[in-house]
Structure formats: C-alpha cells, structure tokens
Amino acid sequence: MTADSPAEAGWFAGLEPDDPEAAAAAIAEETASEPADWPKLAVEAGFASDAEEYYDRLKEATTVATREAVERAERADDRQLVHAVRTMDDCQRTANELAERLAEWAGTVDPDAGAGVEYARAIVDEDADRDGGVDHPRIVSLAERVVALADEAEALREYVERETPTVAPNLAALAGPVLAARLISLAGGLEPLAKKPSGTVQVLGAEDALFAHLRGHASSPKHGIIYTHDAVRGTHPDERGSAARAVAGKLSIAARVDHYSGERKPELEAELEERIETIQSRTADDESGESGGDDE
Amino acid sequence: MSELPAGVERRQFDGEERLATQGEPVYGEPTNEGWRAWNPNRSKLGAMLSLGMEAGLAGGDEETVLYLGAASGTTVSHVADFAGPTYAVEFAPRPARDLLEAADSRPRLFPLLADARKPERYAHVVEHDVDALVQDVATRGQARVALENRRFLADDGRLLLAVKARSEDVTRNPGDVFADVRDELSKGYEILEYRRLDDYHADHLGIVARPR
Ligand SMILES: C[S@@+](CC[C@H](N)C(=O)[O-])C[C@H]1O[C@@H](n2cnc3c(N)ncnc32)[C@H](O)[C@@H]1O
Numbered sequence: 001m002t003a004d005s006p007a008e009a010g011w012f013a014g015l016e017p018d019d020p021e022a023a024a025a026a027i028a029e030e031t032a033s034e035p036a037d038w039p040k041l042a043v044e045a046g047f048a049s050d051a052e053e054y055y056d057r058l059k060e061a062t063t064v065a066t067r068e069a070v071e072r073a074e075r076a077d078d079r080q081l082v083h084a085v086r087t088m089d090d091c092q093r094t095a096n097e098l099a100e101r102l103a104e105w106a107g108t109v110d111p112d113a114g115a116g117v118e119y120a121r122a123i124v125d126e127d128a129d130r131d132g133g134v135d136h137p138r139i140v141s142l143a144e145r146v147v148a149l150a151d152e153a154e155a156l157r158e159y160v161e162r163e164t165p166t167v168a169p170n171l172a173a174l175a176g177p178v179l180a181a182r183l184i185s186l187a188g189g190l191e192p193l194a195k196k197p198s199g200t201v202q203v204l205g206a207e208d209a210l211f212a213h214l215r216g217h218a219s220s221p222k223h224g225i226i227y228t229h230d231a232v233r234g235t236h237p238d239e240r241g242s243a244a245r246a247v248a249g250k251l252s253i254a255a256r257v258d259h260y261s262g263e264r265k266p267e268l269e270a271e272l273e274e275r276i277e278t279i280q281s282r283t284a285d286d287e288s289g290e291s292g293g294d295d296e
Numbered sequence: 297m298s299e300l301p302a303g304v305e306r307r308q309f310d311g312e313e314r315l316a317t318q319g320e321p322v323y324g325e326p327t328n329e330g331w332r333a334w335n336p337n338r339s340k341l342g343a344m345l346s347l348g349m350e351a352g353l354a355g356g357d358e359e360t361v362l363y364l365g366a367a368s369g370t371t372v373s374h375v376a377d378f379a380g381p382t383y384a385v386e387f388a389p390r391p392a393r394d395l396l397e398a399a400d401s402r403p404r405l406f407p408l409l410a411d412a413r414k415p416e417r418y419a420h421v422v423e424h425d426v427d428a429l430v431q432d433v434a435t436r437g438q439a440r441v442a443l444e445n446r447r448f449l450a451d452d453g454r455l456l457l458a459v460k461a462r463s464e465d466v467t468r469n470p471g472d473v474f475a476d477v478r479d480e481l482s483k484g485y486e487i488l489e490y491r492r493l494d495d496y497h498a499d500h501l502g503i504v505a506r507p508r
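Chains as they are written, first to last, in my numbering: chain A, 1 to 296; chain B, 297 to 508.
Rather than coming from a laboratory, the hints here were simulated on the basis of the structure. A couple of the hints might just be wrong.
As the list claims (entries may be wrong) - Okay, the calculated beta carbon distance ranges per label pair: (1) A:72 / B:498: 29 to 39 Å; (2) B:305 / A:234: 53 to 63 Å; (3) A:188 / B:414: 25 to 35 Å; (4) B:413 / A:72: 18 to 28 Å; (5) A:277 / B:416: 51 to 61 Å.
Here a beta-carbon is modelled for each residue, glycine too, at the ideal position from N, C-alpha and C.
Just chain A, with the same shape it has in the complex (with noise of 0.2 Å):
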C-alpha cells in the first residue's frame, strides 16, 4: 500500500480477478490518499484485459462490499429497536396511569367526567374549542400531557412498524412488526433471540408465570408474549398449548435466519400456516358434530 508504484494503491493491488469477497474487502478497507487512472494501470497490472473488463469487475466488488455494509449496518439496527418498543410501552402505561388519575380529579369538577386517554382527548380539544368544558387549568394541562405520551406511543409505534421488518424480515412477517420487536426486546437483542431454544421463546415475556410454577404456585406457563399472536389466540384453548409450540418453533427459526442470513424466506409463513390449520381442524373436527362452524 506504500509502494511508490501508484498501481500499489489501487483496489486491485495484489488480488486475483476472480475473487470477489477480497475484492470487496479491499474497497471497503483500503485507502488512497490520491486517485489514478485505476482502469488503465489495472489493465497494465493485467487485473483485466481491459477497462470494460475492468469496469464489470468494479461493478461486482463495489456491490459485493456495499451490500455486506449494509447488512452488517442492519443487523446492528436491533438496538434501536429494542429502545423504541420498551419506551413505546412506558409511554403507553403512562399515558394510562396518568389517564386514570386524570379521570378521578375531573370527575370532582365535571359530572359527565369519562375515562382513559379518550377523555383526555375530550378535555383537550373542549378546551381549545373554548365553549364550556373543564375550566380548570392544572387539570386541561394535566390532560394536555396525557395526550402527548399516547400519541407518542403512537408514532413510537410507526417506528417500530417501518423499522422491524429491515431488522428482521422475516420475524415482522411471522410475527407482525410489533411482537416480534417485543421478542427482540424481551431477548435483548436479535443475537440473543437467535440462540435461544424454541421452548424458551416459547416462554418469553411469562417470566412471571414460569417463576410462580418454579415455586410450585401455578401449572406450567404454555405461552408467553407469543399468546397475543393470531395463531395461538385464534385455536381453541384445548389445543393453545400446541399451536403456542408451532409458533415459537417458527419464530425462533425465522429469528435464526433473519440474524445468519438476512434473506427473506416467504415459506416460512406458508409452513406455519399449514401447521396452525393442521391443529385448529382437530378441535374443528370435535365439535363439528354440533355445529360444523368454527366462529368462537
């Protein structure tokens, strides 16, 4: 690299033309401090035969090194979202908490008092409407900040929405956006999450349930956060137990391919779709003696 030869400094310096991954490892790492004429001097090296061969070789190496740039930047993304969903969820409970709060001192000036962020809804907008409402400038404010942390809540929820799926593709397919950052977040990271067994995602985010059967209080936790997917909600409560394992066995997969390889598998989706319906129609074909529809 500090060879006078300025043929040295080029990208191409020592590589062989077939090599594409130390290739781009020599875009991505090398320096220069000047340019050259790099197709020519890489013909006269006889890196290529000449500049367009020069040209389609830059073109492999340059997209080779930008797209491992990019996964590898991709990957690291799992921290913002693991920040985004926990502070998604304090607002959240904030906003609730405050919300009940709220409901308890208004309900002392305003007899038509309501509950939850709605009210605080109400309160606001009455209050900018300027016609009545609760004319009590701590409690409007009050309302005011409530307001605020739901709908910060909201866009924290847009975040993690948009940003999931770049995370971890096919983990926001399976999952939908947000429980799958809940899982990345419940593991500490997509890394974690990929090395965990399917028993233990199986689990996350029951923490406590597990704890109190530990100490011989409660029956063995079936689900965890996965009981809030579709699939295990949508199965009869007979067959939870099952449909919560085909769930976490799929996420878990998905996890561990989202975090190795980054590519998108859409047959993941079919599989436990398939599976899901393998064990609904058991529970289906029981009571479709007596009714035959499979509403709730």
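Position chain B with the ligand against the provided structure of chain A, taking the given hints into account.
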C-alpha cells in the same frame, strides 16, 4: 436554454413535456417507451437542468461522474442512464440498500458506502480526472466537501453542487449562508453560474463551477 446532455431529452408524459432518461424506473416515476421522467422536485440536478443552468455535461459512455450523496439513487440513476462510469458515494446504510437496487440494472453505476468528507476512503476506487463531480450531501461544511473532492475532477471538469442552507445553519438567512459557501468554494473553484432552486427545492442553491 442550455443544451441538454446526450441521453437526456424532453419527452411527453401524460401530455406534459418533461426531462427524461432511458433506463429502468427507480422511484415510481412515469415511463413512456423506455424513457423515465426525471422529476425536478425530487432531484436537485434535475432542477438545475430544468432551470436551464449550463451544467457542461456531454453525456455518453465516455463521460465519468463522481456523485456524492447518492441516497437511494433517485438522481444518480438518471445520471448513470445518460453518462458512462458513475461512482455513487453514500454514507447512510439504509438508503444504500435502495441504491443497490437502482444500481442493479445499471452496469456502470458503482455504489460506494463511504463518507464524502474522507475521500481517501474511496480514492483507491474512484478514478482521477472525472468529467463531473455532482454533490448533494445534506451535511454541514458542503463547500469543504466540494474542496476535498476536487482531487477527482479533471481540469476542465465541472462541479455541479446543490447547497442546502439549512444543513449549514438553520437559524441564518439562506442568502448569507449561500454567500459564505460561494466564498469558501472560490478557494479551489471558479464559479461559473449559480441560481436559487426554490421553484423546486426551498432554500437550495445550485452552483456550476470548474477547478481553478
Ligand atoms: C438530500 S439527500 C441526497 C438526495 C440524492 N442526491 C438524490 O437526489 O437522489 C442527502 C444525502 O447525503 C447523504 N450524506 C450526508 N452526509 C454525507 C457524507 N458526509 N458523505 C456521504 N453522504 C452523505 C445523506 O445520507 C443523504 O442520503
């Protein structure tokens, strides 16, 4: 009106005449018989050409271009459509993913994930004496970036620079920011033409310059 580079034409799209190049569409722009409309509202270089600025681009396979701030490839894809070897430098990985896609169908568009403030990180890849240095990096120190990258430009090449006032200082008057940028730029360039791009991009200045 200045002459358009070879490979850039005014064409009809839905009864409206627009700039266009030939290539695969990239950002949902309308197409017509292999031509894709070049939207000046989404491209500063497109705005500069639409406004008739004398960009000094010839077009054709021999023309080499270094493009700084390629983002997801909106503008640089049009450049690669009409020019020859085109080096696209972008700093952020996320848009670079889309840039890769835009580059897929363009064999002489080379994507580089690098910081335009550190030219030594790509001087071993980008050839010298490029005919055009196009710069649209929304970062502080835009004049300095152009000066740092002057080393790539041929003596008779052109710098085509879009300056975003808000990237330098959100509180200052854009006119003052532009004056300072032109001032600093003249340490290494002779400014041939400059023009506000407000018709298409609020608080942006387009500059055409050549190395001195
Ligand atoms: C306004 S956008 C460019 C849009 C693009 N030129 C187009 O018209 O299609 C500015 C881009 O500059 C990039 N950028 C900012 N600082 C940079 C730097 N130091 N080096 C390279 N790119 C940078 C940003 O990531 C962003 O994608």
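Evaluated hints:
no., hint, in the structure
1, A:72 / B:498: 29 to 39 Å, "holds, 35 Å"
2, B:305 / A:234: 53 to 63 Å, "holds, 56 Å"
3, A:188 / B:414: 25 to 35 Å, "holds, 34 Å"
4, B:413 / A:72: 18 to 28 Å, "holds, 21 Å"
5, A:277 / B:416: 51 to 61 Å, "holds, 58 Å"
The structure fails none of the hints (numbered hints given earlier).
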